[in-house]
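Based on the sequences and whatever the hints tell you, model everything.
One-letter residues, chain by chain:
There are 2 protein chains.
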Amino acid sequence: MAEERKTFDVVFTGKGVMSGKMRNDIAVEFETMAERFEIATDEGPFHGGDGTAPPPLALFTAALTGCVMTQIRAFSKRLMIPIGAVEVEARLHWQGHQQGREPYVTAPVGFDLHIDLQSDAPEADQRRLLEAAKKGCFIEQTLAQGLTVGHRLKTQDGWQDA
Amino acid sequence: MAEERKTFDVVFTGKGVMSGKMRNDIAVEFETMAERFEIATDEGPFHGGDGTAPPPLALFTAALTGCVMTQIRAFSKRLMIPIGAVEVEARLHWQGHQQGREPYVTAPVGFDLHIDLQSDAPEADQRRLLEAAKKGCFIEQTLAQGLTVGHRLKTQDGWQDA
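Quick note, the sequences are listed as chains C and R, same order. To convert, count from 1 in the first sequence and add 4; that's our numbering. To convert, count from 1 in the second sequence and add 4; that's our numbering.
I should point out that these hints are in silico values taken from the structure, not numbers from a laboratory. A portion of the hints provided could be inaccurate.
Because identical chains cannot be distinguished in the list, a pair is counted as satisfied if it fits within a single copy or across any two copies.
The list that follows gives simulated cross-link-like pairs (lysine-lysine, BS3-like), each with its CA atoms no further than 25 angstroms apart [to be verified]:
#1 Lys25 to Lys158
#2 Lys139 to Lys19
#3 Lys81 to Lys19
#4 Lys81 to Lys139
#5 Lys139 to Lys158
#6 Lys139 to Lys25
#7 Lys158 to Lys81
#8 Lys158 to Lys19
#9 Lys10 to Lys139
#10 Lys81 to Lys25
#11 Lys10 to Lys81
Listed below in C-alpha cells is the structure:
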C-alpha cells in the first residue's frame with residue numbers, strides 16, 4: 005500500500021501599529037493553532053529609536069536560528085538519531101548601498117549556521133538529520149526558494165496593488 | 005560632481021542553546037552596533053513545547069512586519085513624504101508536505117502586506133515611499149533575492165561543510 009501523502013497549511017498573521025519614535029507593536033496570531041503573541045520591535049538611538057525592544061533583524065536572526073534548532077529536535081525523535089545539547093551559531097551578513105542622500109538599498113551577502121549536535125551518532129546519520137531539518141525549516145526553505153512579497157496600499161479609491 | 009556612493013555592512017550573530025523541551029535561548033548580537041538581545045523561542049503543547057515563548061515563525065512574522073514599518077518611517081523623513089499612524093497587516097502562508105511518517109518538507113505559499121499609511125500625501129508619493137521601504141527592508145530584499153544558507157557541522161574530524 006502506498007504511504008499516505010499529507011499536506012498541511014501554516015498561516016501566521018501580524019497586525020502592526022506604531023507605538024514610539026521607531027517602535028512597532030505587532031499582534032501575531034498563529035491562525036491554525038489559535039495562538040497569539042505580542043511582539044515589539046524598536047531601534048537603538050543611532051537609528052532614532054529608544055532601544056525598548058530588539059530591532060527586526062535581531063528577531064529575524066533568532067527566528068532562523070530557533071527554526072533550525074526546533075526541527076533538529078523534532079526530527080531527531082522521528083528519525084531516531086540521538087542528539088546532545090545542540091548548539092547553533094548563526095552569522096547573518098547584509099549590505100546597504102546608498103547614493104548621496106537617497107534611501108539606501110539592501111541586499112543579503114550570506115547567512116551561515118555552525119551546528120554542533122553534540123551527538124555520538126555516526127556522521128552520516130547526523131548529516132541525514134541536518135538535511136531533514138533544513139527541508140523542514142519553514143524559514144530556510146523560504147529563503148532557498150525566494151519569494152516576492154505582495155503589497156496592497158490603502159488609497160482614496162480603496163485598497164490597490166502596490 | 006557625482007554623488008558619493010557608500011556601502012555599509014550589517015552583521016547579526018546568534019548563539020542558540022536548548023533550554024527546555026522545545027525551547028531555545030538565542031543570544032543575538034548586532035555586531036556593527038555592539039547591541040545584544042536575549043530572545044527565546046518555544047512551541048505550544050501541540051508541538052511538544054511548553055509555550056514559554058513565541059515560536060520561530062511568530063518572530064519571523066513580527067520581523068518582516070516591523071522591518072517594513074521601520075523603513076517606511078525612516079524614509080518618510082528622508083523623502084519628506086508625510087505619514088500618519090501607519091498600520092500594517094501581514095499574512096504569511098506556508099505549506100508542509102509529508103509522506104507517511106517521514107519528516108515533512110516545507111514551502112512558502114505567499115506573504116502579503118496590507119499597508120495603510122494614513123497619509124494625506126498624493127498616491128504617487130505614497131507609492132514612492134513604499135517602493136523605497138521595500139528596497140530598504142533587509143528582510144524583504146533577502147526574500148526577493150533568495151539565499152541558500154551555508155551550514156557547517158561539527159564532526160569527529162572538526163568542522164565540515166554540511
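Starting from the hint list further up, note which numbers the structure goes against and sort them upward. none
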